[in-house]
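Residue numbers (numbering that gives the first Met the number 0), protein chains in the order written: chain C, 0 to 363; chain P, 0 to 366.
Hints were generated in silico from the structure; no laboratory data involved.
Check each hint, because a few of them may be wrong.
[Claimed, not checked] Here are the simulated SDA-like pairs of lysine to any residue, each with C-alpha atoms no more than 20 Å apart in a straight line:
id, chain 1, residue 1, chain 2, residue 2
1, C, K75, C, K241
2, C, K75, C, E24
3, P, K183, C, E24
4, P, K183, C, K75
[Stated by the list, open to error] Taking beta-carbon pairs under 10 Å as the criterion, some of the chain C residues facing chain P (in silico):
id, residue
5, G89
6, T90
7, P215
8, V216
9, A217
10, E218
11, R272
12, Q287
13, P288
14, N295
15, A298
16, E299
17, T311
18, K313
All of these numbers come straight from a predicted model, not from anything done at the bench.
Backbone N, C-alpha and C fix where the C-beta goes; we use that ideal spot for every residue, glycine too.
Now for the letters of each chain:
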Amino acid sequence: MKAAVLRETGQPFSIEDIEIDPPKENEVLVRVVASGICHSDYSVMHGVLRSPMPVVLGHEGAGIVEEVGPGVSHVKAGDPIVASLTPSCGTCPMCLEEKPYLCFQFSRALRDSAMPDGSTRLHRGEERIHQLGALGSFAEYMVIPAGCAIKVRADAALDTVCLIGCGVTTGVGAALNTVDIEPGQSVAVIGCGGVGLSIIQGARIAKANPIVAIDPVAEKRDLAKSMGATHAIDPFNEDLVKAIRGLTGQGVHYAFEALGRPETIQQAYSIVRPRGQAIIVGVPNLRQPIELPFVNLLAEKEIRGSAYGSSTPKRDIPKYVDLYKSGELMLDQMVTKRIGLDEINEAFAAMGRGEGARTVITFS
Amino acid sequence: MKTKAALMVERNHPLEIEEIDLEGPHENEVLIRFVASGICHSDLSALNGTIASPVPIVLGHEGAGIVEEIGPGVTHLAPGDHVIAVLTPTCGKCPMCQEGKPFLCREIGRLMAKGTMVDGTTRFRRNGEGVPQLCGVGSFSERSVIPAGSAIKVGGNAPLESVCLIGCGVTTGVGAAVNTAEIKPRTSVAVIGCGGVGLSIIQGARINGATTIIAIDPVAEKRDLALRLGATDVIDPTAEDPIKGVRQRSGKLGVHYAFEALGRIDTVRQAWDMVRPTGRAIIVGVASFKDSFPLMPAGLLSERRITGSAYGSAVPARDIPRFVSWYLDGRLKLDEMITKRIQLEDVNQALDEMTRGEGARSVIMYN
Numbered sequence: 000m001k002a003a004v005l006r007e008t009g010q011p012f013s014i015e016d017i018e019i020d021p022p023k024e025n026e027v028l029v030r031v032v033a034s035g036i037c038h039s040d041y042s043v044m045h046g047v048l049r050s051p052m053p054v055v056l057g058h059e060g061a062g063i064v065e066e067v068g069p070g071v072s073h074v075k076a077g078d079p080i081v082a083s084l085t086p087s088c089g090t091c092p093m094c095l096e097e098k099p100y101l102c103f104q105f106s107r108a109l110r111d112s113a114m115p116d117g118s119t120r121l122h123r124g125e126e127r128i129h130q131l132g133a134l135g136s137f138a139e140y141m142v143i144p145a146g147c148a149i150k151v152r153a154d155a156a157l158d159t160v161c162l163i164g165c166g167v168t169t170g171v172g173a174a175l176n177t178v179d180i181e182p183g184q185s186v187a188v189i190g191c192g193g194v195g196l197s198i199i200q201g202a203r204i205a206k207a208n209p210i211v212a213i214d215p216v217a218e219k220r221d222l223a224k225s226m227g228a229t230h231a232i233d234p235f236n237e238d239l240v241k242a243i244r245g246l247t248g249q250g251v252h253y254a255f256e257a258l259g260r261p262e263t264i265q266q267a268y269s270i271v272r273p274r275g276q277a278i279i280v281g282v283p284n285l286r287q288p289i290e291l292p293f294v295n296l297l298a299e300k301e302i303r304g305s306a307y308g309s310s311t312p313k314r315d316i317p318k319y320v321d322l323y324k325s326g327e328l329m330l331d332q333m334v335t336k337r338i339g340l341d342e343i344n345e346a347f348a349a350m351g352r353g354e355g356a357r358t359v360i361t362f363s
Numbered sequence: 000m001k002t003k004a005a006l007m008v009e010r011n012h013p014l015e016i017e018e019i020d021l022e023g024p025h026e027n028e029v030l031i032r033f034v035a036s037g038i039c040h041s042d043l044s045a046l047n048g049t050i051a052s053p054v055p056i057v058l059g060h061e062g063a064g065i066v067e068e069i070g071p072g073v074t075h076l077a078p079g080d081h082v083i084a085v086l087t088p089t090c091g092k093c094p095m096c097q098e099g100k101p102f103l104c105r106e107i108g109r110l111m112a113k114g115t116m117v118d119g120t121t122r123f124r125r126n127g128e129g130v131p132q133l134c135g136v137g138s139f140s141e142r143s144v145i146p147a148g149s150a151i152k153v154g155g156n157a158p159l160e161s162v163c164l165i166g167c168g169v170t171t172g173v174g175a176a177v178n179t180a181e182i183k184p185r186t187s188v189a190v191i192g193c194g195g196v197g198l199s200i201i202q203g204a205r206i207n208g209a210t211t212i213i214a215i216d217p218v219a220e221k222r223d224l225a226l227r228l229g230a231t232d233v234i235d236p237t238a239e240d241p242i243k244g245v246r247q248r249s250g251k252l253g254v255h256y257a258f259e260a261l262g263r264i265d266t267v268r269q270a271w272d273m274v275r276p277t278g279r280a281i282i283v284g285v286a287s288f289k290d291s292f293p294l295m296p297a298g299l300l301s302e303r304r305i306t307g308s309a310y311g312s313a314v315p316a317r318d319i320p321r322f323v324s325w326y327l328d329g330r331l332k333l334d335e336m337i338t339k340r341i342q343l344e345d346v347n348q349a350l351d352e353m354t355r356g357e358g359a360r361s362v363i364m365y366n
């Protein structure tokens with residue numbers, strides 16, 4: 000099958016013909032219909048997030064089940080699915096606490112770019128090829144842990160709802176699950192890519208007001224406003240802290256950071272009101288400590304992370320598909336363009352330039 | 000009138016015990032005759048400059064006493080009432096007071112930084128010059144005038160020489176556990192630093208039903224006290240890596256809540272490293288306002304949280320009587336925390352002991 004393989008950090012993908020093994024126990028073979036390109040793929044490509052190589056990236060996929068391995072009963076061949084990031088193993092301490100977004104297999108899959116047992120189903124001849132997060136949706140097929148295959152309704156357009164696999168669930172869930180926004184509370188969102196726009200939509204669904212979108216790109220600010228932001232700020236043109244104070248008096252109840260950069264994490268913490276919360280949704284470089292002002296602690300300002308939108312995928316993914324079908328969740332507007340796998344390198348270059356919200360790769 | 004007071008006249012120098020002048024209460028102020036005052040670590044921080052404060056200043060901010068005179072506009076108190084002095088004047092007008100969060104009252108900052116009354120003036124005078132008072136309290140003095148909102152009435156059956164600790168350290172610690180963290184039953188807790196505040200956090204954790212309470216302190220005497228007040232485990236951080244030690248005692252994952260009660264950057268970082276996924280680090284200790292703390296981002300991916308606790312997120316009118324009742328029914332142990340009772344003249348010796356990390360709490364008694 001055809002797949003985009005990353006062989007070395009910082010290098011472009013090579014489109015290669017590789018082999019895929021059939022699913023083993025508790026695994027599912029999926030024919031990929033569409034895959035979003037997420038910023039975390041970009042971070043792996045550029046070494047900010049680490050992965051063994053060679054690796055097939057892509058972790059925001061949707062497709063049709065082709066074949067199930069032994070022990071799989073919740074999906075069957077022909078079912079449309081969205082791939083969840085977490086296998087939700089059901090047996091680790093965090094799954095037992097009903098926090099599958101912190102499933103031990105999830106972090107292992109991300110670290111090893113392999114299945115929970117440490118092996119991979121991809122190879123080229125003798126050469127073993129890794130699959131990001133035990134997924135690898137930049138390929139025509141993927142074998143994934145059964146817990147990652149979330150069945151969705153048949154009338155859901157897979158080349159759109161694929162976004163729910165990562166960015167949308169991460170963002171909407173951060174607003175609806177990680178924190179408990181009360182109607183009328185104030186929200187700011189730093190970074191208006193796919194995740195940030197999803198946070199804004201979650202905040203709108205939670206009836207936050209105001210919702211302030213912060214992004215230097217005019218096109219993204221406009222998109223943010225069309226999706227629920229009540230105000231937009233260009234942080235390169237305006238003093239962010241002053242602008243937020245002007246809108247809210249004391250700062251916002253919730254400041255979401257969707258970029259994972261030290262300076263924007265510091266900004267998020269600087270614009271919350273006393274007792275407010277800065278929620279870090281972007282994935283930062285894990286090796287770089289972030290310096291934060293002690294005085295913020297005296298005002299009981301909190302800083303916290305949000306992992307995969309604190310989501311329970313089998314509950315939340317079908318719910319978000321329903322919200323999309325009912326028009327409350329705007330996904331079509333988030334897809335900037337749809338491309339073929341051959342155009343993947345150009346799409347990554349555009350992402351590096353900060354263009355557009357989401358590019359989706361479709362497979363015919 | 001004249002009052003005997005202990006003043007800082009120069010940073011890092013022993014306090015001077017002097018007779019100074021005290022003016023009567025203005026509008027919304029009360030004159031208190033103190034019966035007792037705890038010596039808190041923040042007094043030491045003011046003395047050594049960790050906390051910015053004017054000089055000279057009357058230190059002491061953990062006092063309890065009897066109302067002698069009320070200023071105009073004061074209706075909730077009358078002469079003869081027993082009161083505990085608190086750190087927030089609960090102005091009632093600022094945004095946080097209006098949201099019911101007087102522990103973040105805008106006036107606290109001014110009272111801390113300037114040591115004045117809410118109107119910006121002072122009631123103490125020395126050689127004709129106004130002298131401020133720490134946190135608007137100034138309980139290292141036989142008498143003081145304080146904002147009426149800072150005086151919380153308690154029942155006549157509460158021994159002021161013990162419940163004075165509730166004015167600062169106990170409310171800060173117990174409140175951090177029961178208000179800020181809202182510790183849930185059957186959870187695990189680690190507390191770094193077992194002085195008056197840390198021991199109060201431990202008691203709050205016990206009262207809320209935490210089942211693993213790990214006390215961390217290098218001083219054996221304090222670890223023993225922690226065990227008597229509710230800790231289930233102790234760690235000597237000079238003998239054992241505290242982060243590993245906490246993980247070993249909390250099912251490998253770390254604790255649900257880690258409290259830092261020292262205000263040191265290295266222990267803030269330890270607290271963050273001790274909590275389990277979705278757990279919370281709660282910083283109760285106060286570092287210099289100019290300091291920054293480093294956050295290791297990996298913890299964000301497992302949804303850890305870090306926040307501060309200001310004066311135990313306390314609503315004094317609600318919490319001070321509640322904590323007094325816990326003392327009276329035996330749940331909250333205060334006498335065990337008091338290392339010794341001293342006279343005002345012995346305050347410098349007590350501050351020296353605190354600098355060396357000895358004992359939990361000394362209480363100044365006024366006759």
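Here's how the hints hold up against the structure:
no.	hint	in the structure
1	K75/C - K241/C	violated (55 Å)
2	K75/C - E24/C	holds (14 Å)
3	K183/P - E24/C	violated (39 Å)
4	K183/P - K75/C	violated (42 Å)
5	G89	violated (16 Å)
6	T90	violated (15 Å)
7	P215	violated (23 Å)
8	V216	violated (25 Å)
9	A217	violated (30 Å)
10	E218	violated (29 Å)
11	R272	holds (8 Å)
12	Q287	holds (7 Å)
13	P288	holds (4 Å)
14	N295	holds (7 Å)
15	A298	holds (6 Å)
16	E299	holds (5 Å)
17	T311	violated (14 Å)
18	K313	violated (19 Å)
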